[in-house]
Amino acid sequence: MINTTEKESHYQDLEKMTVLELLTNINNEDKTVPMAVEKAIPQIEALVNECVSKMKNGGRVFYIGAGTSGRLGVLDASECPPTYGVPFDWIIGMIAGGDTAIRKAVEFAEDDTEQAWKDLTEYSINKTDVVIGIAASGTTPYVVGGLQAANAAGLVTGCIVCNSGSPIAKEAQLPVEVVVGPEFVTGSTRMKAGTAQKLVLNMLSTSIMIQLGRVQGNKMVDMQLSNHKLMARGVRIIMDETNATEAEATELLEKFGHVRQAIEAYQETH
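Letter by letter, the sequence shown follows residues -9 to 260 in the numbering used here.
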């Protein structure tokens, strides 16, 4: 294993830097992250394809992680239903320590190698599902144990890590390794590593949803209309996708309560 996430920062005496120097140097480090992600696109592609294949046959995707990595998985999973109008159990994010750990660190929760599988079994996990471990270091016991158990149960497994040749990547059938190098603050993997994981998760879930038909053109036609801003966006989408006036689009959206259905209804009558 090549552990770069714990290597010494390229910068010294951070406390002596001005605010401008701090911001400029952090930004310079951040600029390297998309290039590291680009190198992993073939790995991401393989994972997306497997997830889509499983989900077309009724499977689900589970993210498991601890700390920042776990929170990022929960965030990505929680945003899919409102964005794409899908059930909450299509993509599920799980964090070591449970929901309490989303806001407050739970001591030693990530060190339990058996807890992830216990958490997963609460969802009646089976061979149609995919388990993706998220861990910057690639060593988190909670994730290692979860992937081992998922492999033993015959599930497809993947991971998103920021070191090469890590224990988690070795357990995952479809590893995604985004090596971003040392952090600006030594070992603070909520920074570049966290950014890399967020970018990969964006790519993963967005590509999956598009492949599953939850986007039309480039529009979120299945989004949940849960506030005035989204209602207004829905009206604009209907207008963009049809020749409807604002008044017509508003009337259709109020009638059907769903952007895709409103568009289809307009097209059937024009």
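Hints are computed from structural coordinates only; laboratory data are not their basis. What you are looking at is a predicted structure, and each value in this text was computed from that prediction instead of being measured. Do not rely on the hints blindly, as some may be mistaken.
Claimed, not checked - Below, a list of computed lysine to any residue pairs in the SDA-like style, where the Cα atoms sit at most 25 Å apart: (1) Lys21 with Glu35; (2) Lys117 with Gly203; (3) Lys(-3) with Lys29; (4) Lys(-3) with Lys117; (5) Lys44 with Gly247; (6) Lys160 with Ala99; (7) Lys188 with Thr8.
Results for each hint:
1. Lys21 with Glu35: holds, 23 Å
2. Lys117 with Gly203: holds, 23 Å
3. Lys(-3) with Lys29: OK: Lys(-3) and Lys29 at ~21 Å, within 25 Å.
4. Lys(-3) with Lys117: Cα-Cα ~38 Å, so violated.
5. Lys44 with Gly247: The given pair, whose Cα atoms are some 30 Å apart, is violated under the 25 Å limit.
6. Lys160 with Ala99: holds, 22 Å
7. Lys188 with Thr8: violated, 28 Å
The structure fails to meet hints 4, 5 and 7 from the earlier list, while all remaining hints are met.
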